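A.B. asks: Chains as they are written, first to last, in our numbering: chain L, 72 to 330; chain U, -13 to 97.
Hints were generated in silico from the structure; no laboratory data involved. Remember, predicted model here, so these are calculated numbers, not experimental data. All the given hints hold, so there is nothing to weed out.
A few chain L residues facing chain U, derived, Cβ under 8 Å:
#1 Thr113
#2 Ser141
#3 Asp146
#4 Leu168
Computed footprint of chain U on chain L, listed as stretches where at least three residues anywhere in the stretch have a Cβ under 8 Å from a Cβ of chain U:
#5 120 to 129
#6 154 to 162
Idealized CB from N, CA, C, for every residue including glycine.
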Amino acid sequence: MKPLIVLFIFLFSLQSNAQNTTIAAGEKLVFSASYNMSGLLTDIAEVKMETSEVTTSKSTLLRLKCTATSYKDWDDFFKIRDLYESYVNPKTLTPYLYKRDINEGGYYKFMQYKYKHSSKLVSSLKRKKNSDDTFREENKTVKIGASTKDIISTLYSIRNLDIHKAKPGDQQEFSILFDNKEIILIVKYISKETIQTKIGSKECYKLAIALKDHNLLKGDNSNLLWLTADANKIPVYAKFKIPIGNGELNILSATGLKN
Amino acid sequence: MKKAIIILGFICAIVAVIISVTPLYNLAFAPIIVAFLSGLFLIYLSKNESSKPKTIQYIFLLVIISLSLTIYKGVVNTAEVGDTEQLEQRDEENLEDSKEILEDLEIDEDF
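Given the sequences, and given the hints that come with them, work out the whole structure.
C.D. replies: The structure is reproduced here in C-alpha cells:
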C-alpha cells in the first residue's frame, strides 16, 4: 500500500507542477550518437537540440528544434538529415504545432500536427516521396487525450519533472502522438549517479525509459537517460537498445542554459 | 582441413583489408581476429614441415595492413558533420511556413 501512496503523491506533485522552470529560449545542446558495431561504439551522427522564441501577431511561442545529421564518413552509406520541431507554450510546454521532416538514406517523410486542444483534436498531414520523385499527401484528423504531446515536447517535458521529489522506482507516463498513433512512454526514476561527461563530472538522475506495449523501447531498464541533478536537468548521456542493436548518446556541449 | 583453414584465413584477411578502408573500419576487427587465428593454426599444422606455405605469410601481411589501417583511422579520424546546406534550407522553409500556420492557428494560452 505504501508504494502506491508514494506513487500517488509523486504523480500528483508532477501534475501540479507543470510549469516550465527548466527550458528557456536560446538553449543549445549538442550530442554525438554512437552505434555499437562488432562490440565497438562508432560515432555515426550529431544530434542538436535547440530552443528559440517565435513571435506571431497573437502570441510568443517557444520553438523546440532537434536535428540529426550523420557524420561525413557515413553520408555515402546512410545519409541522415532529420529535422524535428515543436512550437510550444513557453510556460507549460503544450504543443500547438509539430513538424517532422526526415531524410534517412533516401527515405523522405514529412509529418505535421496542428493541435486543437479545446476539442482534443489534431489535424495531421503526412507527406511521402514516391519512387518517381513526386509527393503524396494524406490528411487526417486524430482524436487525442488531454495530455497528449508530440515526441519533442515530451522530451523537454521530462526535463521539467520534479525528479528531486521522486523516490527510486517512481514512474510517470506520457502520452505521445507518433505516426498518428498514441503511444505511452514510461519514465521511471532509478537512482542518482555521478558520471563523467564531456562537460565535466555531473551528478545525475538516472531514468529508465520504455514504451508501453511496444517492441521499440522495451521496459527492462535497457534504455536509460541521465539528466543532471540540477535546475537545468540537461540530458547528458543516454543508452538505448532497439531491435537492430544498441547505442549511446553523449553530450558534447551545452550553452544558453536557463539556470 | 589445412586447405579449409587456408581458404578461411585468406578470405577473412582480404575482407578485413576491404572493410578497413571503408568508414565501417570498426567492423574489420572481427575478420582480423579470425584471419590471425587461422594463420596461427596454420603455423601449428605445418610445424613439422620443413617449408611453410607462402599463404601464411600473405595472411599475416594482410592482417598487419588491415590492423594498421584500422588503428590509424581510429586514432586520426575525427567525427565531422557533412554538408548541411539542404537541411538548413529545409529548416528555414519550415520556420517560415510554421509562422504562417501559427498565425491562423487558434492558440489557447490556458493549455
